[in-house]
Amino acid sequence: MMQRFPALAGFILFAAVMLIAIPLLLAGQGYWLTVLTTAALLAFGSIGVWLTFAIGRINIAQGAFALIGGYVVAILCTRYHTSFWIALPLSVLAAMLVATLVGWPILRLRGVYFAMITLSLTEVASLAFLNGGSFTEGASGITSIPRPALLSSSLAIYIASALLLLIGIVVAWRFAVSPAGAVFRSLRQGEELAASLGINIARYRLLAFIASSGMGGAAGAMFAAFQQNIFPTSYTVNDSVNFMLYCFLGGLQSVAGPVVGAFLLVIAFQLLSAIQRFQALLYGIFMIAAMLFLPNGLMSLPQLLLARRDRRADAVPPR
Amino acid sequence: MSLLAVEGVSRRFGGLTAVNNVSFSVEAGEILSVIGPNGAGKSTLFKLIAGFLKPSAGHILLDGRRIDGLRPHAIAARGLVRTFQETTVFREMTVLENVVVAHHLRRRHSVLAELLATPGVHAEQQEFLADSRKLLARLSLSGLEDEEARNLPHGHLRALGIAMALAVRPRVILLDEPFTGMNSEETERAVEIVRDIRAGGITVVLVEHDMGAVMRISDRIVVLNFGTLIASGVPSAIQQDETVIDAYLGRADEIVAL
Chain A
1 MMQRFPALAG FILFAAVMLI AIPLLLAGQG YWLTVLTTAA LLAFGSIGVW
51 LTFAIGRINI AQGAFALIGG YVVAILCTRY HTSFWIALPL SVLAAMLVAT
101 LVGWPILRLR GVYFAMITLS LTEVASLAFL NGGSFTEGAS GITSIPRPAL
151 LSSSLAIYIA SALLLLIGIV VAWRFAVSPA GAVFRSLRQG EELAASLGIN
201 IARYRLLAFI ASSGMGGAAG AMFAAFQQNI FPTSYTVNDS VNFMLYCFLG
251 GLQSVAGPVV GAFLLVIAFQ LLSAIQRFQA LLYGIFMIAA MLFLPNGLMS
301 LPQLLLARRD RRADAVPPR
Chain B
1 MSLLAVEGVS RRFGGLTAVN NVSFSVEAGE ILSVIGPNGA GKSTLFKLIA
51 GFLKPSAGHI LLDGRRIDGL RPHAIAARGL VRTFQETTVF REMTVLENVV
101 VAHHLRRRHS VLAELLATPG VHAEQQEFLA DSRKLLARLS LSGLEDEEAR
151 NLPHGHLRAL GIAMALAVRP RVILLDEPFT GMNSEETERA VEIVRDIRAG
201 GITVVLVEHD MGAVMRISDR IVVLNFGTLI ASGVPSAIQQ DETVIDAYLG
251 RADEIVAL
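Just so you know, the protein sequences line up as chains A and B, in that order. Be aware that the first sequence starts at 1, since it is given in the working numbering, and climbs by one per residue. Be aware that the second sequence starts at 1, since it is given in the working numbering, and climbs by one per residue.
The following block holds chain B by itself, in its conformation from the complex:
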């Protein structure tokens, strides 16, 4: 059984069908990329999987259990966490506070116990702090713990977003354009981070425009065009696929000098 299965999912906004009868599955331990031109429905698909939108038709299953219709926090509790395309963090908190808050699902004490700051609460907070520092080190953010998040540059913000998602200890992580707006050196590091996440036993689904990175990193690729799935397969097969080339990748002989 696949870890994540998207079965005949559609999403309509009024007369527009943003995602049209899309089906694919993700196996545990895989890195799967969703690619396609702008407006192909990639972001809508992500929102559907993470529970920010409800499908107009079809089912989404995690571990064989339906998650479509659940709210985002409930889906996170089942082990699927998304990051955001924009560099979304809690801007008025420090870097460390951001990651500590992301440990929310692992809080075991009542609000009352937290008010009284019982020894158990204290121990738990120490545990979250230590874990947060480890995650920040893993994403090369050590030394920035006490910086307010809004002061971080773009690349660091994205890394922080990933650290926060990892703090939830998900089984599946959805990365929305993790390489966009990065130079080649930053992309290289981000690719390493994604590989490191998978090495930690987490299944990765990502939406991305940077073809070079996608081709190198993905086990399989799913291609969307106008909301419809037009191809899926290993990177080498996608690169050779006629439909994909026509819709998206383009041909060398078609490139027009600007």
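Extracted from the complex, chain A is given alone in its bound form:
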């Protein structure tokens, strides 16, 4: 109970900042709205990756599913003049369909083998869209994607992205505390034991991967609509790795981890752009320091500080 209350309070505060404070304060600031929209969508995609971490799989394929989501929206909206609001769920379905077909065989792999094959999936998706001929427009990508109805301003797109993220957090959070979430965690800690207790491990692994990829597809679809273009290089292996890093940096213990990680890294990267030459260097040092000193992510910082205070209190000799 002690732990759940601050989590709920933290979420309400976050929601209030996202939906009230930021629109009020930054309504005219196109640049920062863009940064925060990016952070919100990347955070949403990272929640998906976090779900696959929950079953004990390092997923570096999220870029591939973002590409799929983006291209589905791009092709439907430019060529078939489909409404974005119809294209968005279709893009999620497309990502989930691909995840089902690809996930079934590769989810047998564990550890670094699964990580490597998902990494190459991102590359494969990028190459597929590059070589898609007139269907995907090759390297020149698809541009001039019309703005979705209702989302004509940066502020509107920001609010839609923030809402999507908040919904994603609530669903993932409910899931984590539900019996199915406990089954996910059990897979991470012992697939053979889980199987011996009657858990269909193949089905749950696939469920996690499909949910994750659907979220990647949705993030990609939103990005395509918001940037109004998509290229085979819109998401590279680097982006897939970043989705995973957001989870690591924020911490895997709760759904707040990937959200905190994504926001912090996206905003830090923008702030560091003032010192262009050293941007990557400082970014790297920051990541290494975080992994060295906070192996359980930034979300473990309060716990660490509390533990240290308790130790100090204990160290006072009784009189």
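Keep in mind that the hints were calculated from the coordinates and are not lab data. Owing to the predicted nature of the structure, the values given are computational and were not obtained by experimental measurement. Yeah, the Cβ is synthetic: ideal placement off N, Cα and C, and Gly gets one too. There could be a bad hint or two in this list.
Each computed DMTMM-like pair below joins lysine to aspartate or glutamate, with the alpha-carbon atoms no more than 25 angstroms apart [stated by the list, open to error]:
#	chain 1	residue 1	chain 2	residue 2
1	B	Lys-134	B	Glu-147
2	B	Lys-47	A	Asp-239
3	B	Lys-134	B	Glu-124
4	B	Lys-47	B	Glu-7
5	B	Lys-47	A	Glu-191
6	B	Lys-47	B	Asp-68
7	B	Lys-54	A	Glu-191
8	B	Lys-54	B	Glu-92
9	B	Lys-54	A	Asp-239
10	B	Lys-134	B	Glu-145
11	B	Lys-134	B	Asp-68
Calculated Cβ distances over 10 angstroms to all of chain B for the following chain A residues [stated by the list, open to error]:
#	residue
12	Arg-110
13	Leu-207
14	Asn-229
If you want a taste of the chain B side facing chain A, the calculated C-beta under 8 angstroms gives, among others [as the list claims (entries may be wrong)]:
#	residue
15	Ala-77
16	Val-81
17	Met-93
18	Leu-96
19	Val-111
20	Met-164
21	Val-191
Based on the hints, put chain B in the right spot on chain A.
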């Protein structure tokens, strides 16, 4: 008809035959032990029965229906559950969470209903919690509910593994070395637990090295040596069996002081 029947089962790994044409059956309500020297194929046999390996030849039947070739979760759903030789539990969960997760096969609601936490889901969770507490009490683990499983000592871990297997409400439970690494007092308690499981109407098949416990607890014993079944029968007959004595039990006059 036997509850569990192993019919001519073999398992080869490359050129090595780990289990060679083994046949035996287990009657409902029985405690049957599988013994044999190290490398006799006992663990492989367990993996074959529980579906973690597929036989190279032969059939395994539960209630007259073939279960060889089914995956472990499907075999568990038919009512046969194994425990592990290593003290395998979900280490990062609490003791109570471990047993609650093991109720998986009794979940009746969709993932969507669970997300929405409908009243039915809530009631079901309460039922699983109450049942888990009862199982923990039965295995003398009361008071440890909120402890993280990785902090438990060996003996408790093994008891927790059994509590989790019982949560599945199996008809047959396979216990992999339930007495190994225990002192005589712990073994005594574990023997009582196994008897209690059988008293609850569950058929027990166990692999074990501790001969004293095996002889006391088993209704029948099956002896493996180099993957082949060399004897089966009641404990007193096994103790007198010449082949078994030569292969495994040894003779009093052969014991050499070290």
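Enumerated hints in conflict with the structure, sorted upward: 2, 8, 9, 11, 13, 18 and 21
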